[in-house]
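Here are the chains, one letter per residue:
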Amino acid sequence: MAQLLWLVPLLPLLGFTALALTGGHLGRRAVAWIGAGSVGLSAALALWIAAGFLLHPPAGHAYTLTAWQWMAVEGFTPTIGFYLDPLSVVMMLVVTFVGFLIHLYSTEFMAGDPGYSRFFAYLNLFVASMLALVLADNLLFLYLGWEGVGLCSYLLIGFWYDDPDNGRAARKAFVVTRIGDVAFTVGLFVLFTHLGTLDIQPLMAQAAAQWPAGSALATTAAFLLLGGAVGKSAQLPLQTWLPDAMAGPTPVSALIHAATMVTAGVYLIARTHVLFALAPAAQLAVAVVGAATLLLAGFSALTQWDIKRILAYSTISQIGYMFLALGVGAWAVAIFHLMIHAFFKALLFLSAGVVIHALDDEHNIFRMGGLRRTLPAAFWPFLIGGLALSAVPFISAGFYSKDLIIFDAWSSASGSPWLWAAAWVGALMTSMYTFRLIFIAFFGEPRTQVTRRPGTRVMIPLVILSVLSVIGGCLELPAYMGNVHLFTGFLHLSLPAVHALAGDATETALELLSAAASLGGIYLAYVLFLRNPHWLRNLASQGTGAALHRFWFGDWAMDWLYDRLAVRPYYWFARVNRGDVVDAFYRGLALLSQALHEVLSETQTGTLRRYALGMTVGSLIVLSIAVFV
Amino acid sequence: MILLWLILVLLIGGLLAWLAGPRHPLWSRWVSLASLGVDLALALALWVEAPGGVDLSRGGPWVATLTWSWIPTFGINFHLAADGLSILMTMLTLVLGIASVLASWTEIRERVGFFHFNLLWSLAGTLGVFLAFDLFLFFFFWEVMLVPMYFLIALWGHERRIYAAIKFFLFTQGSGLFMLIAILGLVFAHHSATGTYTFDYFDLLGTRLAPHLAMWLMLGFFFAFAVKLPAVPFHTWLPDAHTEAPTAGSVILAGVLLKTGAYGLIRFVVPLFPEAAHRFAPVAMALGVVGILYGAMLAFAQRDLKRLVAYSSISHLGFVLLGVFAWNLLALQGAVMQMVAHGLTTGALFIMVGAIQERLHTRDMGRMGALWHAMPRMGAVGLFLAVASLGLPGLANFVGEFLTLLGSYRVSVPLTVTATVGLVAATVYALILVQKVFHGRPREHWEAADLGARAMAVMLTLIALVVWLGVYPQPVLNTAHPALSAALTPPARVALSTGAAP
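First to last, the sequence lines map onto chains A and F. One point on numbering: in the working numbering, the residue at position 467 of the first sequence is 467, and numbering is uninterrupted. One point on numbering: in the working numbering, the residue at position 91 of the second sequence is 91, and numbering is uninterrupted.
Source of the hints: derived by calculation from the structure; they are not laboratory data. Ideal placement from N, C-alpha and C gives every residue a C-beta, glycine not left out. One should not assume that every hint holds.
To be verified - If you anchor each label on the Cβ, the simulated ranges turn out as follows: (1) A41/F / R587/A: 39 to 47 Å; (2) L54/A / E447/F: 54 to 62 Å; (3) A584/A / G452/F: 39 to 47 Å.
Unchecked claim - Here chain A is said to cover these stretches of chain F; the calculated rule only asks that three of the stretch's residues, wherever they fall, bring their Cβ under 8 Å from a Cβ of chain A: (4) 387–396; (5) 415–421; (6) 468–474.
Said to hold, decoys possible - Quick partial rundown of chain F residues pointing at chain A, CB under 10 Å, derived from the structure: (7) V232; (8) W237; (9) P239; (10) M297; (11) Y311; (12) L329; (13) G334.
Working from the sequences, and respecting the hints, build out all of it.
In structure tokens, the structure reads:
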């Protein structure tokens, strides 16, 4: 059945083709069936293939399928080929399964939109590209998927193209991630030039064989790939595009900008983990980037008022955790958090979508309030998602995945107390900003009338994702709860295990501290935002408090900085040089020859005597040159 | 003989189209279409019948040749030949020729016969350029393609057509003069070394030249081709000519005529003067990189939609210059792929711009916006072409750019990295095009019909080609392979390195 692997990405691609070629002439029902149906089939097939993989694992726990030779020039022989190992099995399942739920949700959520068919076309293309990305067996095909999802992200952020602001956000997302992609592309040049292949498995083997640990080339290549990952996964210093990307429809934010695409950087690093293990400096950079990002984004999330922007910053922050895990060598743990995060963050966004719809496109949490009673259909899923995001002990899946990361940040051979401290503070921040949102939007007095309630096709995904956000963690239980390692055990077939230096006792102690952070954050949020909101309001309205608030609200002024450093100079150059300065030279040349032409035509007087004189003088000069020189 | 017919069919077709014009405009359109169709069939036959079938990499480089004595005293022959590179360029020329006849179907309403005459003769000249292997004959065709193009711009162009036509003519003519001098210099140098006059490409290939003479002669050729390509800073004729030309003129200019410059670099500059060109390579590569970035930045700056596309050509052709002078097969294959891909996507973009101008009577992007509402098919096509232009993997341009950069990385890391930054600049101008034309708020109210069936057929064909070459570029790569490896290992180099002296 693994032979049918190629159908998994092809089905959504066919869906896209059908929708694109019919160009909006199909009925809504047909569009919904094609759009959601193609992904649903793909998910079913993926489930079947995964079951086969688990029951009858192929030799070496990896299966390769080559569709065709993409090109072959001078030893450069990338294929359109797929590679299935435990890592890509997990990614394939997450992408198709969460993808299908969000498609299903969208069939109802987008029902009133005139661009219904266009929406599903883009969304199908996205799923196809994302599947190419996670299933590719070589880095060039992976890059195809990588750019494909970037394009779909652009198209879907700017889906409501009438508003120029949406267009701006869309372009920003594409351009900023492409800056990272320049590094990625150069990384591909380095890898191919020095190792002679881009097929991931041979490439990793070659790298391990040819490059000693810490060698300059390995470090360069790893840093370049990290550049691509940082752009795509919205990590420092390229995180600025993600909050703006919330301009897209909410299902898009859930699928692309929370569950799948933005985690592509995490996948890339996990996929090329051999290379990063050869480059300790780059791997440390991954950890530091992750730690710094999760903190910075946490502070920014605390100050936002737009429900989707808060969630966007929380995504940046949670991917920071994944980077931290990768950086300390806890590859499988990073992927575990990636999967759990896909469940609960999709859940959060989808329930936020219900709220936004119900309140007539209201994004401001301060104008919501009381939704606990007026819109329970959104409250309960959101609460479950929020608990998972805050990693509340035992009852949420996020607890099991995030606390593994926090523990590994301390105990791994490449971990450190500093990284642990950052992760711990981040955990405190996370539950604080999450419950700030929940307390303000769902508790207190209702401020806006609820006008619409969700139907079945919206509720089914919410229920399924809620269940997953609660029980998903059972795949991986700590020592004191039975020591279950189903997930990491499976992934360790393709990713090395983390070398933990600390024992079970430390684990228990650290988890207690993490639990304290999680619950403490909720308590702080309760005190500061529900019981005594005036405290912070006073603090943030004057002096340094206000400045700090502005600073965090504006994403640590990085947007401002990039605007001054790059965007404005580029616009300035374009404005100044619109007429092309090089052409001035040729225009000058033309003017000069025109002037000379006028001077010379003056000599054309028609007077015979002048001509005779000229001829005589000329002959004399020529003769004297001939005679005397 | 098939090579001669390739050219003759277009010349005769052009005359017939001219004669038919006064009777009914449709006649000359159909005559042009028919002769281009016949020609394309001939070229395809040549491609398929070539030794080893479509996969030319297994046969020798030469698919067909034809030699007639012309002016024996000076050793001038009527010498046509075709290898994979010539065939690729021929097919590109004919495909775009058909596309531009179809694109002018409703746009050109005056002197229709003479228009098609000029179009076909310009294409015939271009085919001659791609097939001539006698330098005199080559120069002759170089001029033949120029004059009808001048008329196309000057007679059927837009507001500033005379200025643009004269500028185009002066730039190409002026630079052509340098090439003529270089050709003569090469012939005389060959004469003084061997005692025979010859203009034949294959005889001249082995000519041994003093290094500084070789450098000057190489520069003569390079200058002509660099203007045609165009390389920054010789590019300023292009935005004017492309913008002012009628749609068919722009398509042919961008899709085909620019390729004669690139073709000349690969066919003449590199094999005839390997040492000199190799020494000059760093400069040429740097010019290529400058072109990539400068073209992209200026494309972004434009308000005129057609100028934007014109400047994007400069950026794309920068990759070709970089690839040719990176001096390895990987980059050279990339350059050829980029030539084909650029021809298809930019040709299609110019058709789109022409269609927009025909409907809106303006090219000012400041007056457009939200055209997707009125013309969703046009919008989808435009979006696709913009995305192809910015080098999305899976589409033809990506293959060209990636192979070029992969090859040039071995030669110069700094230049390659700088060129890669061009990917960001390309994204910026491609997205601003989509934004200003198809997205955003409507600035004026336009009641315009969407692309019709004829235009959609053309566009879908070109799009299908771009996708096909993006996911399976091997036919192009295989076809070009023997010609390109021959270009990189010319006999001249062998003669010099072995020091064989008479």
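Hints, verified against the model:
1. A41/F / R587/A: 39 to 47 Å: With a Cβ separation near 46 Å, A41/F and R587/A satisfy 39 to 47 Å, so the hint holds.
2. L54/A / E447/F: 54 to 62 Å: 60 Å, holds
3. A584/A / G452/F: 39 to 47 Å: Given a distance of about 42 Å, which is inside 39 to 47 Å, the answer is holds.
4. 387–396: Satisfied; 4 residues make the cut.
5. 415–421: holds (count 4)
6. 468–474: Since three or more residues must qualify, the claim that chain A covers the region 468–474 of chain F holds, with 4 doing so at under 8 Å.
7. V232: 7 Å, holds
8. W237: For W237/F, the interface hint holds, since the closest Cβ of chain A sits about 8 Å away, which is under 10 Å.
9. P239: 7 Å, holds
10. M297: With a minimum Cβ separation of about 6 Å from chain A (threshold 10 Å), the hint on M297/F holds.
11. Y311: 8 Å, holds
12. L329: Result: holds, 5 Å to nearest chain A Cβ.
13. G334: 8 Å, holds
Going through the hint list in order, the structure satisfies each hint without exception.
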